[in-house]
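*Asks:* As a plain string of letters, each chain reads:
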Amino acid sequence: EAQVTQNPRYLITVTGKKLTVTCSQNMNHEYMSWYRQDPGLGLRQIYYSMNVEVTDKGDVPEGYKVSRKEKRNFPLILESPSPNQTSLYFCASSEPESGGTDTQYFGPGTRLTVL
Amino acid sequence: AQSVTQLDSQVPVFEEAPVELRCNYSSSVSVYLFWYVQYPNQGLQLLLKYLSGSTLVKGINGFEAEFNKSQTSFHLRKPSVHISDTAEYFCAVNLFPHDSNYQLIWGAGTKLIIKP
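The listed protein sequences derive, respectively, from chains A and B.
Okay, so the first sequence: first residue is 89 according to the working numbering, each after it adds one.
Okay, so the second sequence: first residue is -9 according to the working numbering, each after it adds one.
Mixed in with the good hints, there may be bad ones.
With a Cα cut of at most 30 Å, we get these calculated DSSO-like pairs of lysine-lysine [said to hold, decoys possible]:
#1 B:59 with B:101
#2 B:105 with B:48
#3 A:105 with A:145
#4 A:145 with B:101
#5 A:145 with B:39
#6 B:68 with B:39
#7 B:105 with B:68
#8 A:105 with A:153
#9 A:159 with B:101
Some but not every residue of chain A turned toward chain B, in silico, with C-beta under 8 Å [claimed, not checked]:
#10 146
#11 151
#12 152
#13 189
#14 194
#15 196
#16 197
#17 201
Derived, one-sided and incomplete: chain A residues facing chain B with beta-carbon distance under 10 Å [what the hints assert, rightly or not]:
#18 94
#19 96
#20 178
#21 180
#22 190
#23 191
#24 193
These are computed hints drawn from the structure, not numbers from a lab.
Where is the CB? At the ideal position from N, CA and C, for every residue including glycine.
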């Protein structure tokens, strides 16, 4: 089954404790991205990756890191989480072969609470 | 800067009634337009998209949307809603090939609340 998986689904942590949210897709997609979803703000892109070893900042990259060492995986790293990073996070992937017409496939989301 | 406006944060509607969820965008260039749906406790999935051609686009679950270039709108409609349509709906715009990021610009979302 074609899917994007994220782990963990729920995480409660404390300020400053490093954490990683994993994302994996089995569709061999080149493009992957991370979003955060906050009430009334919709989805805001954090980072994206056009391919292995190619990553770039989205609209709200401060406080986050990513890496793309393998095509299928795109982990999101919070080196020193702060309460304003409490949010619902989504990973997405797509195959941009049609130049912007592609469908994005989303993971189930990770709800992060930073105390 | 380009933006997407979903005019209603919540739309309550009775079951079996018609519904329209509004989406307007600001862009001086041609765009690709999308509607995604997020069911409770799930990720987003594509409902429909407009790329070119006919301005009336049909999607899954009986939804359709009409692209209006002069009004820069892409409203979503369904003639008769069901309890299972309870979800949050997101409108999004892609400026590619004008923006090489492939980035989607998202609206804030509209929660569709179905009343029995």
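*Asks:* Are the hints correct? Go through all of them and say.
*Replies:* Hints and how they fare:
1. A hinted pair counts as satisfied when its Cα atoms are at most 30 Å apart, and residue 59 of chain B with residue 101 of chain B qualifies at roughly 25 Å.
2. Only pairs whose Cα atoms come within 30 Å are accepted, and residue 105 of chain B paired with residue 48 of chain B is accepted, the gap being roughly 25 Å.
3. Of the supplied pair hints, the one linking residue 105 of chain A and residue 145 of chain A holds, its CA atoms being roughly 23 Å apart against a limit of 30 Å.
4. The hinted pair formed by residue 145 of chain A and residue 101 of chain B meets the criterion: a straight-line CA distance of about 29 Å does not exceed 30 Å.
5. A hinted pair counts as satisfied when its Cα atoms are at most 30 Å apart, and residue 145 of chain A with residue 39 of chain B qualifies at roughly 26 Å.
6. For the hint pairing residue 68 of chain B with residue 39 of chain B, the CA-to-CA distance comes to about 15 Å; that is within 30 Å, so the pair holds.
7. For the proposed pair residue 105 of chain B and residue 68 of chain B, the alpha carbon gap of about 15 Å is at most 30 Å, so the pair holds.
8. Our distance criterion of 30 Å between C-alpha atoms is met by residue 105 of chain A and residue 153 of chain A, whose separation comes to about 14 Å.
9. For the suggested pair residue 159 of chain A and residue 101 of chain B, the alpha carbons sit about 34 Å apart, so the restraint of at most 30 Å is broken.
10. Because the smallest distance between the Cβ of residue 146 of chain A and any Cβ of chain B comes to about 7 Å, under 8 Å, the interface hint for this residue holds.
11. Annotation: interface hint on residue 151 of chain A violated; nearest CB of chain B at approximately 20 Å, more than 8 Å.
12. For residue 152 of chain A, the shortest C-beta to C-beta distance to chain B is roughly 16 Å, which exceeds 8 Å, and the interface hint is violated.
13. The interface hint given for residue 189 of chain A holds, since its Cβ lies 5 Å from the closest Cβ of chain B, which is under the 8 Å cut-off.
14. For residue 194 of chain A, the interface hint holds, since its Cβ comes within 8 Å of a Cβ in chain B; the closest pair sits about 4 Å apart.
15. Because the smallest distance between the Cβ of residue 196 of chain A and any Cβ of chain B comes to about 5 Å, under 8 Å, the interface hint for this residue holds.
16. With a least beta-carbon distance of about 6 Å to chain B, the hint placing residue 197 of chain A at the interface is held under the 8 Å criterion.
17. At its closest, the beta carbon of residue 201 of chain A sits 16 Å from a beta carbon of chain B; the interface hint therefore is violated under the 8 Å criterion.
18. Annotation: interface hint on residue 94 of chain A holds; nearest CB of chain B at approximately 8 Å, less than 10 Å.
19. With its C-beta approaching chain B no nearer than about 14 Å, residue 96 of chain A sits outside the 10 Å limit, and its interface hint is violated.
20. A hinted interface residue such as residue 178 of chain A counts as satisfied when its beta carbon comes closer than 10 Å to some beta carbon of chain B; here the least separation is about 6 Å, so the hint holds.
21. With a least beta-carbon distance of about 8 Å to chain B, the hint placing residue 180 of chain A at the interface is held under the 10 Å criterion.
22. At a threshold of 10 Å, the smallest CB-CB gap from residue 190 of chain A to chain B is about 7 Å, leaving the interface hint in force.
23. At its closest, the beta carbon of residue 191 of chain A sits 5 Å from a beta carbon of chain B; the interface hint therefore holds under the 10 Å criterion.
24. Contact between residue 193 of chain A and chain B, as hinted, is supported at the beta carbon level, the nearest pair being about 8 Å apart and thus within 10 Å.
Hint compliance for this structure: hints 9, 11, 12, 17 and 19 are broken, all remaining hints hold.
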